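Single-letter residue listing:
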Amino acid sequence: MGVILAACVALPLLGAALTWWLRRGDVGVAAAALALLAAAVLPAGRGDGWWHELDLAWAPAIRLDFSLSVDGVSWPLVVLTALLGLLCCVHNTRAGGPPTLTALLLAVQGASTAVFLADNAVLFFVAFEAVLLPMWAVIHRYGIDETRRAAAVKFALFTVAGSLLMATGLFVAVADAGTADLGAIIAGGGVGEGVSLLVFVLLALGFAVKAPLWPLHSWLPAAHTAAPTVGSVLLAGVLLKLGTYGLIRVAGGLAPDGAREAAPVLAVLAATGIVVASLVCLAQAELKRLIAYSSVGHMGFVVLAFAAGGEAGIKAALFANLAHGLITPLLFFLAGAVKDRTHTGLLSELGGLRMAAPALAGLLGFASLASLGLPGLAGFWGEAFTVYAAAERGGAWFALAVVAAFGAFLTAAYLLRMLKHVSHGPPSTAVAGIGGVSAGEAAVWSPLVAATLALGLAPGPLLDLFATGVL
Amino acid sequence: MDLFAWALVALPAAAGLGGLLLRRRDHAAWLGVGAPAAALVCAVVAGFGNPVTAFTLADFGSVAVSAALDLSPTAVAVAIAGALVSTLVQLYSVAYLRDDPRYIPFAAQVNLFCAAMLLVVCADDLVFLLIGWEVMGACSYLLIAHYAKLPAAPGAAAKAFLVTRFGDVGFVLGVMALGVSAGTFRIGELGEVSSGVATASMLLILFGCVGKSAQFPLQVWLPPAMAGPTPVSALIHAATMVAAGAYVLTRLLPVWPADLLLVVAIVAAVSMVGAGLCAFAATDVKGVLAWSTISQVGFMFAAVAVAAADTALFHLLTHAAFKALLFLTAGVVIALAATDGSLATTRLRPRSSPLAFWSMTIGLAAMVGLPPLGGFFSKEAVLGAAYEAGTPAGVVVFWAGIVASIVTAAYSARLWLLLFWRGGGEERLAVPRLEAVGLWTLAVGAAVTGALYFAGPLHVPELHLDLMALLLIATAGGLYVVADSWWRDRARDPNRLLGRSKGPLARGLYGEALTARATRTTARLASGAAMLLDERLVDRGAVEGSARATLAAARRTALGHRGGLVRYLRLSVAGTLLVAVVAIGVNLWV
Chain A
22 MGVILAACVA LPLLGAALTW WLRRGDVGVA AAALALLAAA VLPAGRGDGW WHELDLAWAP
82 AIRLDFSLSV DGVSWPLVVL TALLGLLCCV HNTRAGGPPT LTALLLAVQG ASTAVFLADN
142 AVLFFVAFEA VLLPMWAVIH RYGIDETRRA AAVKFALFTV AGSLLMATGL FVAVADAGTA
202 DLGAIIAGGG VGEGVSLLVF VLLALGFAVK APLWPLHSWL PAAHTAAPTV GSVLLAGVLL
262 KLGTYGLIRV AGGLAPDGAR EAAPVLAVLA ATGIVVASLV CLAQAELKRL IAYSSVGHMG
322 FVVLAFAAGG EAGIKAALFA NLAHGLITPL LFFLAGAVKD RTHTGLLSEL GGLRMAAPAL
382 AGLLGFASLA SLGLPGLAGF WGEAFTVYAA AERGGAWFAL AVVAAFGAFL TAAYLLRMLK
442 HVSHGPPSTA VAGIGGVSAG EAAVWSPLVA ATLALGLAPG PLLDLFATGV L
Chain B
92 MDLFAWALVA LPAAAGLGGL LLRRRDHAAW LGVGAPAAAL VCAVVAGFGN PVTAFTLADF
152 GSVAVSAALD LSPTAVAVAI AGALVSTLVQ LYSVAYLRDD PRYIPFAAQV NLFCAAMLLV
212 VCADDLVFLL IGWEVMGACS YLLIAHYAKL PAAPGAAAKA FLVTRFGDVG FVLGVMALGV
272 SAGTFRIGEL GEVSSGVATA SMLLILFGCV GKSAQFPLQV WLPPAMAGPT PVSALIHAAT
332 MVAAGAYVLT RLLPVWPADL LLVVAIVAAV SMVGAGLCAF AATDVKGVLA WSTISQVGFM
392 FAAVAVAAAD TALFHLLTHA AFKALLFLTA GVVIALAATD GSLATTRLRP RSSPLAFWSM
452 TIGLAAMVGL PPLGGFFSKE AVLGAAYEAG TPAGVVVFWA GIVASIVTAA YSARLWLLLF
512 WRGGGEERLA VPRLEAVGLW TLAVGAAVTG ALYFAGPLHV PELHLDLMAL LLIATAGGLY
572 VVADSWWRDR ARDPNRLLGR SKGPLARGLY GEALTARATR TTARLASGAA MLLDERLVDR
632 GAVEGSARAT LAAARRTALG HRGGLVRYLR LSVAGTLLVA VVAIGVNLWV
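These protein sequences, in sequence, are chains A and B. Counting with our numbering, you get residues 22 to 492 for the letters of the first sequence. Counting with our numbering, you get residues 92 to 681 for the letters of the second sequence.
Same shape as in the complex, but just chain A (with noise of 0.2 Å):
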C-alpha cells in the first residue's frame, strides 16, 4: 500500500507537469481523477492506529526523510483535498480556464495531500511551504484585475512570517525528541516538559494564521475576493484545513503538555473571532468577501473545540474541519456562479435570484442552511458539540460555550441577510435574464450537496474513524 501512498502525492504533481508541458487541462483532469481513486482505496487492508506507512530515505543528514503514513484523521482530509481537487479541475477545464491554472491547482493539490500524509517534521515543513507557491501564482496571475497583487503579496507574507515561527518549532521539537519521526515523537506523549509550551507557541502562531485564528486572518478576506472561484475553493476547502490539522495532529501532538497550558489563551482568541467575523458579516457589502469572513468564524469554532479538548472536543474539532471544507467550497462555487452570470458581487446590486435561477437560488439556500449549522446537515455536528466541549469543561469555559451558541445564531443571522438581498424581492438589472444551473455546473456541485446530506445525516461512521486515528 506504500505504492499507492506515494500515488496519492505524486499523481497530482505529475499531473500538474503534463498538464502544463503539453497545455491540456483534461490531462490534468485525468490524473485528479486518479488520485482521487488512490486516496479512495487507502482504508483497504487497515488497522487500527497507522494504516499504512512508507518511509524512504532522502536527506538524513537533515533528518529529512520521505516517510508518509495514513490513519483515521488524515484520510478523510486526504480525500476532501482529492476531491476538491478533481472539481476544480472540472470546473476550469469546462469553462475553458488556462492550462496553467489547472497545473498550479494540482501542484496545490499535491503538496496539500504531502501535509497530511508527512510523518517527518522535516517532510511535513517542506510541504506546507511547497504549498504557498502555486497558491500565491493562482492568486496572483488569475485573480482579479485591481486587487490580485496586493492579496497575493500580503498572503504569501504573512504564511511565510507564520510558517518561520513553525520551523523553529519544528526543529526545536526534533532537537529535543531526537527524531523527527512524527508518529514517534507523538507516541512517545510529545517533547520534554520544559519545551513544551515553545514548541506550541511556536507551531501554533504558524498554524494559526493558515487557519486563520483571529486576529491573525486578515490576509483570507483579501485572498479569497482577489482569487479565482477555484482558488477561493481549494483556499478554504484546504488551504485552511493546513492549519487546523497541523494544530490538532502536530502541534497538539508534539506539545500536549504546552497544548493543555495555552489552552485557554487560544480559546478566548477563536471565541472572539467566532463574534467578530459574525459581527464583520453582517454589515458585509461583498458576497465572497462575506463567505471568506464567515470561514473565520467557522474555523474559530474548530480551533475552540480543539482548545476544550476531551475526546468530544478533539473529535468536533475534526468534524467541523471537514464539514467547512465541503460547505464553505460549495459556496464559494456558487458564489462564483452568480459573480460569472451578474458580474457583481455587492449585495446591493443581487436580488431575485429565486425568480431568475431558481436552481441555483435553491442551491445557494442550501449551502446557507448548511453553513449555519442546520441539524441534519454536516456543519451541525461539529459546532454543536464545540458548545459541548466547552461545556463540558465547566466553569469560565461555560462562557465559551454561551459566546459559540451565540455565534451560530450570528452565523444565521448574516446568512439569511445575504439570501435575503441575493435570493428575495424582484430580480434587479443585473440578475434578470441569467442562465440556469447547466448540467456540468450541477455534476461539479452535486458531490459536495450529497456529501453534506450524508455526513449530517450519518455523523457516525466519520466520528470512528476519528476515534482511531493517532492523536
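Source of the hints: derived by calculation from the structure; they are not laboratory data.
Okay, the calculated bits of chain B under chain A, using three or more residues with CB under 8 Å as the criterion:
1. 144-153
2. 224-232
3. 249-255
4. 265-272
5. 615-621
6. 625-634
Under the rule of at most 20 Å between Cα atoms (straight-line distance), these lysine to any residue pairs were calculated in the SDA-like manner:
7. B:LYS240 <-> A:GLY383
8. B:LYS593 <-> B:ASP580
9. B:LYS593 <-> B:ASP575
10. A:LYS441 <-> A:PHE387
11. B:LYS240 <-> B:ASP191
12. A:LYS441 <-> A:MET376
13. B:LYS240 <-> A:ALA380
14. A:LYS441 <-> B:PHE257
15. B:LYS240 <-> A:ALA453
16. B:LYS240 <-> B:SER433
17. A:LYS441 <-> B:ALA239
18. B:LYS240 <-> A:ALA451
19. A:LYS441 <-> B:ARG611
20. B:LYS240 <-> B:ALA429
21. A:LYS360 <-> A:GLY373
22. A:LYS441 <-> B:THR610
23. A:LYS360 <-> A:GLU167
24. B:LYS240 <-> A:ARG438
25. A:LYS441 <-> B:TYR238
26. A:LYS441 <-> B:THR612
27. A:LYS441 <-> A:ILE455
28. A:LYS441 <-> B:PRO242
In this text the structure is predicted, and so the values were computed from the model without any measurement. A virtual CB, placed ideally from N, CA and C, is assigned to each residue, including glycine.
Fit chain B to the given chain A structure using the hints.
Below, chain B without anything else, positioned relative to chain A:
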C-alpha cells in the same frame, strides 16, 4: 413495529427531499399528499405496538447521540394529529395553490416540515430531537417566504427563523448542559441531574420553547408569519411548530425543579391574556387567528406550569383540530370574499357559503370552549389541573385562564360577527372540492376531539362541575360584552371596547416594531464596532502598520548607507575613538 416507527419519520423526509427534484406538478401533488398520508398510516399502526427503538448516531466519546424513537401512546396521539393535519393541508394546497408556479418546492417543503415535526414528537434523544426542531424552523423560513411578489414575505420569514433560532441559543446550551451532567441525551434516562444543573438547563430550554411556541417575550415572529400562504399558517399554528415548544416541555417535565414552574406560569399567563387582547384588537382575519394561537398555546404552557403534561397535550390536540380548521376556513373565506383579509372589507353572507360559515362557526365555538366541542373539555381540564395543583403557579394560571377565557369569547364573537353578519354579495359561492375535504374533516375533528377526555391515552383531571360553570359564565360574559356592543351600534367594530389601547394592541403593543428597531440598532452598532476593530485596528493598524514600520525602518537604514565620503570618515573616526575609550576604560577597570 420498529419499521413503522422509522417509516413514520423517514417517509415524509424522503418525500420532502426527493420532491425538491421533481419537475411535474401532478407528481409533486401525489407525493405531497401521499407521504403524510403514509406517515399517518404508520403512526396508527405504530400505535398498536408503541415501539421504542434506538441506535447510536454519533459517538463523541464521553457522550453519544442516539437515533432513538419512543412512540409512547401520547406521542402516537400527537403524531397522528400532526400527520393528519399535514395531509389535509397538502390536500387543501393542491387546490389553493393551483395557479402558483412554485407549487412543487412548496409541497416538498411542507413534507419536510411534517417530517421534522414527527421527529420532534417521536424522538427520545434531545440532540436527535434538535434535528427536527431546527429543520422545522428552516422549513418555516422557506414556506413563509413562499410568495415571491409579497414584499413583506422575506422579512417575515427571516424573522420567524431568527427569533426561534435566538431561542435555540438557549435550547442548545440547555441540552448540552443536561448532556454533560447526565452523560446521555436520552430523555428517558435523564433522571439523575443535580438541581443546579436542572435549574439552569431547564430555564435555557424553556427559552428555546418560548421562542418556538411564540410565547411572551418571543411572540414577535408569529403575527408577521401569516405572510406565508394560508395552508402554511394552518400548519405552523395547528399541530406543528408552535405546538412543538409545549410538547417538548411536557416531555421534560420530570426534570423540572418544582419551584421553577412559576416561571412557566408567568410566561403562560402573560401570553394567554396579552395575546388574547391583541387578538381582540387585530384588524385582519389571519391576525386575529395568529394572536389567538399565542393565547391558546399559553393554555398549554399553563398546564405545563402545574405539571399536568397530559392535560397540556389534550389542549394541544383539540387546538390542533380547531386551529387548523379556522385557518383553512379563513383561507376559503378570504378567497370567496376576494379581499386581502382585512376585517374592514372581508365579509360573507352565511348563505353564500354554508360550508365556510359552519366550519368557521364550529372552529370558533371550539376555541371559545362551548360544550360539547373539543375546546370545552380541554380548557376545563387545564383549569381543573391548575385548581387541583394548589401551587402559586396554579393560582396564577387559574385566574389568568379565566380572564383569557373571557377574552377568547370576546375576540371569537367579534370575528364571527364581523365576517358573517355585515352583508356581502348575494350569490352562492363554491368551495373547491379538495379544500372542502379539509374543512369537513377538521370540522368533525374539532367537534369530537373532546371524546379524548373519555377514552384515549391521556390522563386528565376529573371534571369539576363548579369549574365548568365558572368557565361557562366567563365565556358567556365575554360573548355578552361583544354582543351588547354589536347590538348598540352595528356600524362600529366591537373592538372599540378597548378604547384608546385599541391601536397599540392591534400592533402587539409595538413589540415587533420595537424589537426590530432595537435589534437593528444593536446589530448595526455591534457590526460597526467589529468592522472598526477588524479592518481598522487589526488589518490596517497592526498588519499593514507593521508592514509600513518595516519599510520605514528599511528606509532609515538605507539612508545610513547613502552618506558621502566625509560622513563615512567622521563615522569611522568616531567609532575608533569610542572603541579606544572603551578599551582603555575596561583595561583600567580590570
